Structure formats: C-alpha cells, structure tokens
Amino acid sequence: QVQLMESGGGVVQPGGSLRLSCAASGFTFSKSGMHWVRQAPGKGLEWLANIGYDGRDKHYADSVKGRFTASKDNSDNTLYLQMNSLRIEDTALYYCGKDLNWGCDYWGQGTLVTVSS
Amino acid sequence: QTVVTQEPSFSVSPGGTVTLTCGLTSGSVSTSNHPSWYQQTPGQAPRTLIYNTNTRSSGVPDRFSGSILGNKAALTIRGAQADDESDYYCLLFRTDDTWVFGGGTKLTVL
Numbered sequence: 001q002v003q004l005m006e007s008g009g010g011v012v013q014p015g016g017s018l019r020l021s022c023a024a025s026g027f028t029f030s031k032s033g034m035h036w037v038r039q040a041p042g043k044g045l046e047w048l049a050n051i052g053y054d055g056r057d058k059h060y061a062d063s064v065k066g067r068f069t070a071s072k073d074n075s076d077n078t079l080y081l082q083m084n085s086l087r088i089e090d091t092a093l094y095y096c097g098k099d100l101n102w103g104c105d106y107w108g109q110g111t112l113v114t115v116s117s
Numbered sequence: 001q002t003v004v005t006q007e008p009s010f011s012v013s014p015g016g017t018v019t020l021t022c023g024l025t026s027g028s029v030s031t032s033n034h035p036s037w038y039q040q041t042p043g044q045a046p047r048t049l050i051y052n053t054n055t056r057s058s059g060v061p062d063r064f065s066g067s068i069l070g071n072k073a074a075l076t077i078r079g080a081q082a083d084d085e086s087d088y089y090c091l092l093f094r095t096d097d098t099w100v101f102g103g104g105t106k107l108t109v110l
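Here the protein sequences come in this chain order: A and B. Residue 69 in the working numbering sits at position 69 of the first sequence, and the numbers go up by one each step. Residue 7 in the working numbering sits at position 7 of the second sequence, and the numbers go up by one each step.
Treat the hints as calculated values from the structure; they're not laboratory data. Values in this document were obtained by computation on a predicted structure and should not be read as measured data. Misleading hints may appear alongside valid ones.
As the list claims (entries may be wrong) - Quick list of in silico lysine to aspartate or glutamate cross-link-like pairs, EDC-like style, CA-CA up to 16 Å: (1) A:Lys43 x B:Asp87; (2) A:Lys58 x B:Asp96; (3) B:Lys106 x B:Glu7; (4) A:Lys65 x B:Asp87.
Construct the complete structure from the given sequences, taking the supplied hints into account.
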C-alpha cells in the first residue's frame, strides 16, 4: 500500500534552515509528481510546491518562492524540501502528497516545523 | 490576487444532502482547474475525496460526488452521517502551474 512518511521537522531560529524528507513506498515513485503542503496551527491547508516525476519541473507558492526548494531522489524514493531563511510564519505541520491528475491522492502524517527565537 | 472561496461553515441534518462550493473572487472555476476535495478531522492528515473534478478517490463512498455547478466547483454529500463532520478543503490548479487551496468549510452534522 502507498505510504508517505515525513521527517526532519524541529525547532529552528528565524533565519535558519531545515531540510524535510518524505520517504515514499508502495508506488512507482519515479513516475509520480509530488506536492508539499503545510498547515499552520489552527489554520487551513496551504499548497507550497509541486515537483514533476523526474524532478525537473518545479512550481512554488509565492510565499516560499526563492526560500524553499523541492527535490526528488528517484533512486532512493525520497522527496525533500530545503527550507532557508525561515520566518516565524513558516511554523506549521508540513505534509507531502502524491500527485494524481492535478490533485493529491495520498498524504503523509506530517512533520512539525517550529520557527522561534 | 485571485482568492479561492469556500463557505466558512455549513450545517446538515443526519441523512440530509449538502453541497459545498469552491469559487474564485475573480473568474469562474472550470474543469481546467482540475478541482479536488479533501476531508480533514482535527489532528489528522487530509483525506482525499475527489480529484480531477469528479473522480472519487479509492475507498470513498459514492455518497460523495464532485461537479461544476455554474461558475464553481461543488462537493455534494448525500445521506450525511455523523462522521462526515469535518473540515473540507478544495484545491484548484491555476494557469501559472501553481495550486491554491480554499480556506475550508467546517461542516457540522446535527
């Protein structure tokens, strides 16, 4: 069955960096695009980034463009999100999702990122 | 900037039917936006209900259906049950190859 497991969250100071990982199994990762989505405490879902199946096409929300970079290691079935210049408002639960026909059909359980001094 | 709009809250009686909508502050939602719908209960990851306007995700009962109604995407829930009480989010694909979520609808079943 499809499984997605995020990791790498933690507490970081404003201006700091963090790299999230999403380990995928149960499907052909090398043929699937992926998404990153986050949810700030008590708030709604926010789409952040999409990466194409081969890791080449990437698209970002304006809120993270230039600070966050998505990447994909198809040899290791792992999705990454490199987050730089972190801000207080980046505090959220971060989810990875498997793309299907311009939506997400499977989700991980999320990893919590807290940006605080 | 165009915002995706959803009803902040909605109420339905057990066994009843409810239609939640997903619109744009500027323009119309069409199948080209490939609307998808997600259900989320507190403390849980989202669950995919509908993708590509009207395709049900694996395991989703046919009580849930997606469509375009007028200039909005719509999620219809028939025979509402207590465990349908959740937050519902729509996701739209945009012409600049980005995606955007609506603000979500909190559905109460009572």
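Against the structure, the hints come out as follows:
1. A C-alpha spacing of about 11 Å is found between Lys43 of chain A and Asp87 of chain B, which places the hinted pair at or below 16 Å, so the restraint holds.
2. Of the supplied pair hints, the one linking Lys58 of chain A and Asp96 of chain B holds, its CA atoms being roughly 12 Å apart against a limit of 16 Å.
3. At most 16 Å may separate the alpha-carbon atoms for a hinted pair to count; Lys106 of chain B and Glu7 of chain B meet this at roughly 8 Å.
4. As the CA atoms of Lys65 of chain A and Asp87 of chain B are separated by approximately 28 Å, the hinted pair breaks the 16 Å bound.
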